[in-house]
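Engineer: Protein chains in written order, with my numbering: chain A, -18 to 453; chain B, 978 to 1235.
Derived by calculation from the structure, the hints in this document are not laboratory data.
Here the structure is a predicted model, which is why all the values come from computation and not from measurement.
Mixed in with the good hints, there may be bad ones.
Restricting the straight-line Cα-Cα distance to at most 30 Å, the calculated cross-link-like pairs of lysine-lysine (DSS-like) are [to be verified]:
id	chain 1	residue 1	chain 2	residue 2
1	A	Lys278	A	Lys141
2	A	Lys3	B	Lys1157
3	A	Lys303	A	Lys141
4	B	Lys1153	A	Lys3
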Amino acid sequence: MGTPLAPGVAVCSVCGEPLNAKGDCLACLLRTGLEEKAVESRPSALVFGDFEVEQHADGSYRELGRGAIGITYVAADKVLRRRVALKVINVPAAARGSQAVRERFLREARAAATLRHPNVAAVFQFGASPDDTHCYYAMELVEGETLGARIRRDGPLNAKEALEMAIQITRALVAAAAHDLIHRDLKPSNIMITSESEVKVIDFGLAKAITDAGGEMDLTRGEFVGTPSFASPEQFGSGSVDARSDIYSLGATLWFALTGLAPHFGKTLEEIRDRKTRDDLPVAQLAARNVPEPLVKVLRSTLAIDPGERPASARELMEVLKSCQRKLTRHVGVHYDKPALSTEAFTRALADAKACASDPGSLQALFEKAARKAAAVPKKPFKENWAYLQTMLRLVRAYCRGEYRAVSHDALVWIIAALKYLVDPFDLIPDKTPFLGFIDDASVVELVKDKTRRTLDDFMKWETTGRWRIKE
Amino acid sequence: MEAASVNTRGGDGYGRSNLFPSTHWSVVLAAGRTKTEPDIAGAALAELCQIYWAPLYGFVRSRGYTVHDAQDLTQSFFAYLLEHKLYARADRQKGRFRSFLLASAKNFLADAADRERTLKRGGAQNFVPLHEEQAREAESLFQTHHGTSNEDRLFDRSWAEALVVAGLERLWSDYKHQGKEQLFNELRIFVAGGADPLPTYAQLADRLEITESTLRSHVTRLRARYRDALRAEVRRTVDTDAQVDNELRELLHVLTQA
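Model the full assembly from the supplied sequences, consistent with the hints where possible.
Structural biologist: Following this line, the structure appears as structure tokens:
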């Protein structure tokens, strides 16, 4: 360093050269330009015990999903030479080195590993990394998709499908009861559906282990274990929970399967808790979907605030569900068809959209309004929705620039209708089902991430293939 | 002047990466020599002048002109440059926009008649629009360095600053379009240094709630992208790819040597 420094001039902690007024080091910034072309090295192998995480051709790790504290990968069991789903939990710095935390995780995981049932994704092995930074467990790799992803792609299930799914989950609960295990975090993203419509519950008995290792879960506070929208009211308290808590969560999951919504939505833990304990069930949602009365009764019973009013055990729930199934089979005129999305507001939006589509000026005005709104849309908790909006904007912009002229008029109308909805997300269309579905769906997040590589046609194929129907 | 035909900084607004600007000094030189596309050459040069306004202003200030006069002279110089198409006479062999600009500015200021004419009529040519903030930052840059450097070194230092700012802004814009502003801000220190010691990967990975290997990968990618953005920015100001390394070395030498 040659130039004498003016008094008070800060220097770079890396190279000792003076910093500019913004606190940046010009020398470091110039040196970076002279570095050899960085060939991004393939990430090193990620190994946990006997398991090595699979990598894509570009070296990135093959992920199945990720949450606030952990990532689930596809991994290879190097000993038994089979593929597994490997959940890796990042242990917060404060909890590292704690023998108690480690022991608690291993104890819970050990208990979960004893459960073997066709409707439960089996836990094969578990452990903690030697430096205590991660806990992990290897599960049966289920080829399929989560219930959440299925609903978002195809729309709500019909009564028959939803009931069949609930019965399979209940079989898993019955088996778990024999091992004194409760799930504690039953929800659509923990229900896998295979291509043969077989249901597999994942993370069984591990919710608490995960919480113990990671310190917290999505939207959790204090001792809370679970996911608020699907958790039982008693999970919000400090008392113990039992199998009836899982029955409540199963009811909430069944509700979601039938409507695409959780029975009690909210932005905060407190809001959801208050709604669960204060508000009546929004049964109008069920009526709008033509959910048969016997199934409504099942939902009322499983979603009772007082655990004493719910079926007392998984076995009892199974009887209730079987009885419901018999009634439905006898029931004449049950709507097994997927309900079409039809509201006045959406019809209005469609009409507006059609006008826009045929008038470039209106389209431009809509786009500008959307762009302004996009800047104001809070990224959280609607960040996925926000990302979706960005995608929509890009598509419409691309269309305005003259690209994708081959797109059908109907497809464009659809995009604009969706865009209009998102411009005014909570007023234009009372029924937000299809759009709320964009929140916290890993597959959609992935799609949005991938958006710049997709053409409009690709997008529309995904968007329109059986996701939901618009009644015009 | 077809200013709109010049690709401005900050990506294309549609999410596509745009680290590589299309406006090059070589384009100006080529267009100037063939005289076939004067509008394109003029617009491209105007854009380059806009980016490198501060170094020129600092140079003029270092000649003892007041803030107001230096602003007028800088504006007038750029207007003169564009009006008289001086670039058409630039020596391609010498190649660099920086050298061309400094030499032309020296000639311009040495010409007493031009200088006086400019000051008497108060400058006011706005071929290159001047923004208040830009003028304020340029003055601040001048105040920071004028006591420690001669006028050529001051010019080169300001030039280096303009280059890295342009590269960083372009990169920031690219991350922003991908919704990764926060990541950029967190990792910026690994490119730009600073007074605080670099955080360890373990600390930062913990805070960002990602694995260390993911963090390393992000940092590697950021540095590689910044390198490309900076080199692209330098490439705009020189005539050939081969001159990029030399230009960077020379500027680094100016910054780090007495």
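Engineer: Hint by hint, note whether the structure agrees.
Structural biologist: Now the hints, each set against the structure:
no. : hint                  : in the structure
1   : Lys278(A) / Lys141(A) : holds (15 Å)
2   : Lys3(A) / Lys1157(B)  : holds (21 Å)
3   : Lys303(A) / Lys141(A) : holds (12 Å)
4   : Lys1153(B) / Lys3(A)  : holds (20 Å)
Of the numbered hints listed earlier, not one is contradicted by the structure.
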